[in-house]
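Colleague: Sequence:
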Amino acid sequence: MVSHPQNKFWVKFMSVKRVLTLWNDEGENPKDVSVLRKKSVELPVPLDKESREIIQTLIDSFLERDDAVGLAAPQIGINKRIIAFRNKGFEGKGNVKNPNDFEVLVNPRITQARGEKVMGAEGCLSCPDIQVEISRFPEIKVRALNAKGEKINIRYLDYVARVIQHEIDHLDGRLIVDYGGDIYYPKSKQLLFEKLFNDTR
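Each number in our numbering corresponds to the 1-based position in the sequence shown with 136 added.
Please note that a few of the clues may not be correct.
[As the list claims (entries may be wrong)] With beta-carbon atoms standing in for the labels, derived distance ranges: (1) P322 <-> P182: 44 to 50 Å; (2) V177 <-> P264: 24 to 30 Å; (3) E189 <-> S324: 38 to 44 Å; (4) M255 <-> K175: 25 to 31 Å; (5) E186 <-> E252: 37 to 43 Å; (6) K153 <-> N334: 30 to 36 Å; (7) K277 <-> K331: 37 to 43 Å; (8) P322 <-> R245: 19 to 25 Å; (9) K224 <-> R250: 18 to 24 Å; (10) K167 <-> A249: 22 to 28 Å; (11) Q248 <-> K323: 39 to 45 Å; (12) P180 <-> G259: 28 to 34 Å; (13) K253 <-> K284: 31 to 37 Å.
In short, the hints are calculated from the structure, not lab data.
Just so it is clear, CB atoms sit at the ideal spot from N, CA and C, and this is done for glycine as well.
Please take these sequences and the hints and turn them into a complete structure.
Modeller: Below, the structure written as structure tokens:
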């Protein structure tokens, strides 16, 4: 990551996009839903200029947020198979500061899943204000490209494995509300979520 001098002549340019959500306080977001529910397509290999720009847009949007453990390209309106996620530093709040604390996977494919599934509560930026109990594998092996377009084959464990499974779901148009697990939400928004889930589940 290159550092720039902080002076009045330098303006940081980043391509940051908003995160799409299934709903807002008024109800369902039909336009966002149509993108989030669409199956994403792979980037061409080797990566071309447009693909590298898309990857950078996802990275910029991910790093700009202080509440994201992971982010998938469809969540910012790009139906391409790319995810970004923290691989350490989960206990700290705020933006990712160290470039070694996150990874990008392009065209990821889970080639192996091992261990007895573990139940855990998951939140999602595209499903605001709720958590859902979901069962995930504790160990996975993933084949993908990194942000530079290099082939990688990596094993992930425990919480990071859960995050990756969650983000790869997004690439197939699947969200946490599709699992049928117990849903937790603030009592102050009970009417909204009762209406939403009665309509969609």
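Colleague: A separate judgement is required for each hint: does it hold in the structure or not?
Modeller: Evaluation of the provided hints:
1. Checked against the given bound of 44 to 50 Å, the beta carbons of P322 and P182, roughly 47 Å apart, stay inside it.
2. The hinted range of 24 to 30 Å is satisfied by V177 and P264, whose Cβ atoms lie roughly 26 Å apart.
3. Taking the beta carbon of each, E189 and S324 are about 41 Å apart, inside 38 to 44 Å as hinted.
4. Distance hint for M255 and K175: a CB-CB separation of about 27 Å, consistent with the stated range 25 to 31 Å.
5. A beta carbon spacing of about 42 Å between E186 and E252 agrees with the range 37 to 43 Å that was offered as a hint.
6. With their beta carbons about 31 Å apart, K153 and N334 fall inside the hinted range of 30 to 36 Å.
7. For the hinted restraint 37 to 43 Å between K277 and K331, the CB-CB distance of approximately 41 Å keeps it satisfied.
8. Checked against the given bound of 19 to 25 Å, the beta carbons of P322 and R245, roughly 36 Å apart, lie outside it.
9. The beta-carbon spacing between K224 and R250, approximately 22 Å, falls within the hinted interval of 18 to 24 Å.
10. Distance hint check: the CB atoms of K167 and A249 are about 34 Å apart, inconsistent with the given range 22 to 28 Å.
11. In this structure the hint that Q248 and K323 lie 39 to 45 Å apart at CB holds, the actual value being about 41 Å.
12. Between P180 and G259 the beta carbons are some 33 Å apart, a value that agrees with the proposed interval 28 to 34 Å.
13. For the pair K253 and K284, the beta carbons lie near 33 Å from each other, so the given range of 31 to 37 Å is met.
Consistency with the previously given hints fails for numbers 8, 10, ordered from lowest to highest.
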